[in-house]
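Colleague: In case you want the letters, here they are:
Protein chains: 2
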Amino acid sequence: MSVSEKIRVSIEKSSWIRKMFEEGGKRKAKYGAENVFDFSLGNPNLEPPPKFNQILQKLVADTASGQHAYMPNAGFVETRQAVADYLNTFNMPKFTPDEIVMTVGAGGALNVVLKTVLNPGEEVIIPKPYFVEYNFYLDNHQAVPRLVSTKPDFSLDCDAISEAMTEKTRAILIDSPNNPTGNVYGEEELKELAGVLSHFSEKFGQPIYLISDEPYRRITYDGITVPSIFNVYNESFVVTSFSKDLSLPGERIGYAAAHPDISDKGMILAGMVLCNRVLGYVNAPALMQRAVSHLLEESVDISIYQKRRDMLCDGLASFGYDFVKPQGAFYLFPKTPIEDDVAFVGALQEENILTVPGSGFGGPGHFRIAYCVSDETIEKALPGFERVMKKY
Amino acid sequence: MSVSEKIRVSIEKSSWIRKMFEEGGKRKAKYGAENVFDFSLGNPNLEPPPKFNQILQKLVADTASGQHAYMPNAGFVETRQAVADYLNTFNMPKFTPDEIVMTVGAGGALNVVLKTVLNPGEEVIIPKPYFVEYNFYLDNHQAVPRLVSTKPDFSLDCDAISEAMTEKTRAILIDSPNNPTGNVYGEEELKELAGVLSHFSEKFGQPIYLISDEPYRRITYDGITVPSIFNVYNESFVVTSFSKDLSLPGERIGYAAAHPDISDKGMILAGMVLCNRVLGYVNAPALMQRAVSHLLEESVDISIYQKRRDMLCDGLASFGYDFVKPQGAFYLFPKTPIEDDVAFVGALQEENILTVPGSGFGGPGHFRIAYCVSDETIEKALPGFERVMKKY
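Chains as they are written, first to last, in the numbering used here: chain A, -11 to 380; chain B, -11 to 380.
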């Protein structure tokens, strides 16, 4: 035996995804990267906004002492103040730096919150389709996912959520705008969800937390804004990053925010700071903390992603693909015309179009297209999408 | 209930340490920070070497595309190649980029290795005194620490290690130069340790891993070098960071290296990359990965730490303190003249000298002095150390 049993199983289970990636790599080598249309990864292809480079150059020109040293595990107070100030420009409960913990991306933020509140064996409800990395994150803390279907338009099914509640339910984890569907949860459904959570919190005698993963909050279309969970429910956390709106995923910078009126707040905040430390993150990268404190109002040009969404949606609709038009993020999650989504994704691959089967997101019978790619990639891929559709 | 049971206990247990920090803060507010001598934290007070700032400025001036994007979870291949090339300048087994995973500091690296190999309930032997953060890191993966005493000079006690071996033993975790003792494990004791590990690996029919945490490797004195575990034992990992030798602890950049001849190498390496991802780190910060690839030969001026060690050791010895002179790192771990190390640290605090009780490192009857502080702090603190010693 070498790796742990769990890791061995994970490696073996992921081998078909790896096989897909390898197949993509082979096709790029064989046909040239420009002739393979890679919609498989959520790696934003837009560059960070120009102000990011300006700020970064300014920051590294200043070599004052202690800039790369340890700071409190929660992060620089100036950065946390800047995040609080930014949040306070919205119609929301008022934040102070205390409720903000700077983290190693949204992945770090989510692990910090999960470790803070979850006891081994407790359950977290997750509406599906969903970002399957959540399975690993829950397992890191020996918690158990309870997957609950959404409605056909991917909105929350509060009846199904109620049915999934048990005495072991400790939290619900949502993601809006959603990966892989691009769906944004509206204020009314969040209020209904808050009602359900309040009811069961009271019934079971302890808070059931609402955790919202929001790295795509700024990436919405047609003037839609993402309603804040902080306005509907006190026992709540938001985890997010600057990976998508500033196109900085490699730099691992994000934060977790706890509701200013969360119960037992002192313990919750101390727990988050402790978890940031003991999970081995210690703190969010120092230079990037200082950079983002100047960039809270900035984002990449969202209209570019909207244009790509429209190109893709218009094209696919005209070929007869069936999908819910995304309101945000840069993912489209159409139905596959045949039941077997892995086979359908394989057929697209024959056209040098790389996508991911919906089964990989708890949404079989669908496939995910990540359209954070160039206009040209979309244009050149459309005929292939049409040919495959005609086959079925 | 709000935070998990485990986190609640950790917060409550850590409250006396926090109380100490708060007391230190109060004293700084009352007497002025310049009159409080803070030896409590391993936060290097030297600035990064000048070349670090030059490289960083050069890197951020180049705004070529994709520099802040996702890269493979193991890190940029250029950076991993640079690390392998650097390791290959030593008399050691030859490395390729495959055996290197760039991580969020040494804390990230250690968690990656532990998660890769540990099944729940398995045991890891740790020679004490030790860096108690290891307890949290093991607990993250539901593993159990088995603390084993070292000899009076803090060298490894291989008999005690043998006695601690059980069928559940999965690894031994060492730290050289050691925090809190500054001790460096010599080649002969490492060879003896390797013999013990080989014996029990064979006996129990599975490898018992040797994991060496080496962030202080470059910080040694009197011409001492740290022998590599890679030369004595194949089933081994090194975890390290650039936090101390480049004075970059806030930037969270380090790496894990697996022995080029480790058994079941493909699974081990795949496991490390998977764990880097699923622990929520995803990858080491991109910009710092690119920076350190140009800085592998660099370090802060170690002679400054050596001078401080000598000032402190000469002073304390003349006052009658009993200690083993550190060979590396920037910690001194003297015996307390009374049994109660917490009381003794309290007495030092009355002199505005902040240190940490040895109990906090599994070494009661000692206290830790972190001498990564200015010469002036040491000079001005010495009379206080003398007065407290005279009391007992």
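Any given hint could be a false lead.
The list makes no distinction among identical chains, and a pair is therefore deemed to hold if it is satisfied within one copy or across any two copies.
[As the list claims (entries may be wrong)] Under the rule of at most 35 Å between Cα atoms (straight-line distance), these lysine-lysine pairs were calculated in the DSBU-like manner:
| hint | residue 1 | residue 2 |
| --- | --- | --- |
| 1 | K1 | K156 |
| 2 | K156 | K(-6) |
| 3 | K313 | K253 |
| 4 | K39 | K1 |
| 5 | K(-6) | K116 |
| 6 | K295 | K156 |
| 7 | K14 | K139 |
| 8 | K368 | K82 |
| 9 | K16 | K323 |
| 10 | K179 | K156 |
| 11 | K39 | K7 |
| 12 | K156 | K379 |
| 13 | K14 | K156 |
| 14 | K379 | K295 |
By construction, these hints were calculated from the structure, which means they are not laboratory data. Since we're looking at a predicted model, the values are computed, not measured.
Colleague: How would you label the pair K1, K156 (within, between, both, or neither) given a Cα cut-off of 35 Å?
Modeller: both (28 Å within a copy, 26 Å between copies)
Colleague: 35 Å Cα cut-off: does K368 pair with K82 within a copy, between copies, both or neither?
Modeller: neither (48 Å within a copy, 45 Å between copies)
Colleague: Could you place K179 and K156 in one of the four classes (within, between, both, neither) given a Cα distance threshold of 35 Å?
Modeller: This pair counts as within: shortest intra-copy Cα distance 23 Å, inter-copy 50 Å.
Colleague: Quick one: K313 to K253, C-alpha cut-off 35 Å, is that within a copy, between copies, both, or neither?
Modeller: neither (39 Å within a copy, 45 Å between copies)
Colleague: Can you give me the call for K156 and K(-6), within, between, both or neither, at a CA distance of at most 35 Å?
Modeller: both (23 Å within a copy, 16 Å between copies)
Colleague: With identical chains, the pair K379 and K295 could be close in the same copy or across copies; at 35 Å between alpha carbons, which is it: within, between, both, or neither?
Modeller: Cα proximity of K379 and K295: one copy only (28 Å, versus 77 Å across).
Colleague: Reference check for the pair K39 and K7, CA-CA at most 35 Å: within, between, both, or neither?
Modeller: Result: close neither inside a copy nor across copies, 39 Å intra and 42 Å inter.
Colleague: For K295 vs K156, is the C-alpha pair at or below 35 Å within one copy, between two copies, both, or neither?
Modeller: Neither: 44 Å inside a chain and 57 Å across chains, both beyond 35 Å.
Colleague: How would you label the pair K(-6), K116 (within, between, both, or neither) given a Cα cut-off of 35 Å?
Modeller: Classified as both: same-chain Cα gap 23 Å, cross-chain 30 Å, threshold 35 Å.
Colleague: Check K156 against K379 for me: Cα-Cα at most 35 Å, and say if that holds within a copy, between copies, both or neither.
Modeller: neither (47 Å within a copy, 56 Å between copies)
Colleague: Regarding K16 and K323, is the shortest C-alpha distance of 35 Å or less found within a copy, between copies, in both, or in neither?
Modeller: For K16 and K323, the Cα distance is within 35 Å only inside one copy (26 Å; across copies 64 Å).
Colleague: Within a copy, between copies, both or neither: where do K39 and K1 come within 35 Å Cα-Cα?
Modeller: neither (42 Å within a copy, 45 Å between copies)
Checked against the numbered hints above, the structure breaks hints 3, 4, 6, 7, 8, 11, 12, 13 and satisfies the rest.
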